[in-house]
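Asks: Okay, here's what each chain looks like letter by letter:
Protein chains: 2
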Amino acid sequence: MAVYTEVNETELAAFLADYDLGHVLALKGIAEGVENSNFLLHVEAGYFILTLYEKRVDEKDLPFFLGLMEHLAGHGLNCPQPVHNRHGTALGRIAGRPAAIVTFLEGMWHPRPSVRRCAAVGEALGKLHRSGADFAGCRSNALGIEAWPALFEEARARVGEVRPSLGEEIEKELAFLKGNWPRHLPRGVIHADLFPDNVLFVGDELSGLIDFYFACVDALAYDVAICVNAWCFEPDGSFNISKGLAFFSAYEGVRKLNGSEIEALPVLLRGAALRFTLTRLVDWLNVPADALVHPKDPLEYFRKLCFHQKIASTRELGLLR
Amino acid sequence: MAVYTEVNETELAAFLADYDLGHVLALKGIAEGVENSNFLLHVEAGYFILTLYEKRVDEKDLPFFLGLMEHLAGHGLNCPQPVHNRHGTALGRIAGRPAAIVTFLEGMWHPRPSVRRCAAVGEALGKLHRSGADFAGCRSNALGIEAWPALFEEARARVGEVRPSLGEEIEKELAFLKGNWPRHLPRGVIHADLFPDNVLFVGDELSGLIDFYFACVDALAYDVAICVNAWCFEPDGSFNISKGLAFFSAYEGVRKLNGSEIEALPVLLRGAALRFTLTRLVDWLNVPADALVHPKDPLEYFRKLCFHQKIASTRELGLLR
Chain E
76 MAVYTEVNET
86 ELAAFLADYD
96 LGHVLALKGI
106 AEGVENSNFL
116 LHVEAGYFIL
126 TLYEKRVDEK
136 DLPFFLGLME
146 HLAGHGLNCP
156 QPVHNRHGTA
166 LGRIAGRPAA
176 IVTFLEGMWH
186 PRPSVRRCAA
196 VGEALGKLHR
206 SGADFAGCRS
216 NALGIEAWPA
226 LFEEARARVG
236 EVRPSLGEEI
246 EKELAFLKGN
256 WPRHLPRGVI
266 HADLFPDNVL
276 FVGDELSGLI
286 DFYFACVDAL
296 AYDVAICVNA
306 WCFEPDGSFN
316 ISKGLAFFSA
326 YEGVRKLNGS
336 EIEALPVLLR
346 GAALRFTLTR
356 LVDWLNVPAD
366 ALVHPKDPLE
376 YFRKLCFHQK
386 IASTRELGLL
396 R
Chain Z
76 MAVYTEVNET
86 ELAAFLADYD
96 LGHVLALKGI
106 AEGVENSNFL
116 LHVEAGYFIL
126 TLYEKRVDEK
136 DLPFFLGLME
146 HLAGHGLNCP
156 QPVHNRHGTA
166 LGRIAGRPAA
176 IVTFLEGMWH
186 PRPSVRRCAA
196 VGEALGKLHR
206 SGADFAGCRS
216 NALGIEAWPA
226 LFEEARARVG
236 EVRPSLGEEI
246 EKELAFLKGN
256 WPRHLPRGVI
266 HADLFPDNVL
276 FVGDELSGLI
286 DFYFACVDAL
296 AYDVAICVNA
306 WCFEPDGSFN
316 ISKGLAFFSA
326 YEGVRKLNGS
336 EIEALPVLLR
346 GAALRFTLTR
356 LVDWLNVPAD
366 ALVHPKDPLE
376 YFRKLCFHQK
386 IASTRELGLL
396 R
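Going down the list, the protein sequences come from chains E and Z.
Residue numbers for the first sequence, in our numbering: 76 to 396.
Residue numbers for the second sequence, in our numbering: 76 to 396.
Extracted from the complex, chain E is given alone in its bound form (with noise of 0.2 Å):
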């Protein structure tokens, strides 16, 4: 939620003088994306949205990203549109950073979701599993469970400052995914980090998928599961089976689960609510306890853990007819 490199209009006269946009009317920084630098950019052409990569972003990961939201958008999919320059590519410069120009998408989005918009992301994303099925370019996550106990490493030393036993009760945890993690699943590009900050509705109706920067190819199955625990939770921390067989029988809508991945979602919604916690963990102990910008709670997500751990099998969850 900033805007890390401020542009000025040299640069950006520069930097469009490649596309075939027009003139300039507006550029507005906007306080959404928390890994790079956003602004809402109105050209005679129409609005758009200028995204600035910054240093967490890694530069080589820049083509896949871009090529998969073409992709996507190609089959359909409401997410943003890489503009192409003059030369061919959605991949530019700016202010000595990469930049792309997207699409403006419609669209607000909501911190509690209903059951029916629940729903519209699990068709969403089911849909995205299928359009993504095609899509050549391959990135691996990053944030996988490989990446776990480094994350773990970086927290450790304080760790306890956030609760008294949580060193130990990941470490339980890391070892328990680590010998039960599912190895053979369905595998195709996924969104990674569908969260409800990146998914944008117009009323009911859902009109965009944003944020593909986390985007990368790993188990199709673990992104449901990304998707159950950011959005099938309340507030309370109680789950809300409504939202989640609402989601899944949507997803299950476009694309059926086999049974592998129906029985392995015990142990991805254990992983997926781990994954959070780490990397909350780090960025809570890494940011002043007085900074303008609060991390989310790490314990959010330990107490979906928790949560998960009690649960044996997938139809204990409700989300099986």
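None of these hints come from the bench; they were simulated from the model.
Beta carbons: idealized from backbone N, C-alpha and C, even for Gly.
Don't take each hint at face value.
Subject to a maximum C-alpha distance of 16 Å in a straight line, what follows is the list of computed EDC-like cross-link-like pairs (lysine to aspartate or glutamate) [claimed, not checked]: (1) E:LYS103 with Z:GLU221; (2) Z:LYS103 with E:ASP272; (3) Z:LYS253 with Z:GLU221.
Examples of chain E residues lying across from chain Z (beta carbon under 8 Å, computed) [unchecked claim]: (4) LYS103; (5) HIS117; (6) ALA120; (7) GLY121; (8) MET183; (9) HIS185.
Fit chain Z to the known structure of chain E by using the hints.
Replies: Same frame as chain E, but now just chain Z:
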């Protein structure tokens, strides 16, 4: 540069029910304005800015600010125009905070204004002062000369961290200004914060003045002094006479300064430089060193103050033809 209060759809829908603007299509927090939360609001009627007034803005002052913008826009000045709701007022409440919708102005601000743009802002300031003359509202300058000693007290204990001798130098300047401040200059509505980030341009055309949340009634020539300091110095600290003259001539093309105002200008310029030295100093000392939002350098304005201390008359500044 932040969004302090998030707005959810229920609150937004309830708020917009009082307006004839149609349904919400998009709402994006924008990284502008250090005092309030600002959103780009796209509704069926078009693009607008939704502002939620945060705690640093006194709610009692809002009718003055909104009334002034409306008055100035009615006189043809390019500034945000508050949108009335069905109850005939521009001020409502959302998410527990006072809020208003104003028109969206095209344009970008420019950190290094050209001579031509300095002239454009001089003309616009003249028009603002002329148009404000028959505005009935009244608000005293909460950051005027009477407030400076108290501002300094907030910083006194740690001012030496910024520069060892700074405390003494400021005390001397406070004493000088108290003894030499001009008390009988023409007064009226001033913007009081017309820095480059509050002036928008499309190309070289001035498209709007924004952020009227420091506006008040004070000496008009003090507003001129604030602008000369903000627009006519180069990043290396030198005073650019061409910019000064361009600004000043354009201002006088709309509103002539009288003899007392011209005579008082060197003192007003010192006062304007001290005012921003003091507020930046307080911000500087009160923001953690590792915060994500970096406060502005107070010494930038202290150096301008030192420059003006050596100037005995307006003629020496090269502002008079």
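Asks: Go through the numbered hints given earlier and state which of them the structure violates, listing their numbers in rising order.
Replies: The structure breaks hints 1, 6, 7; every other hint is satisfied.
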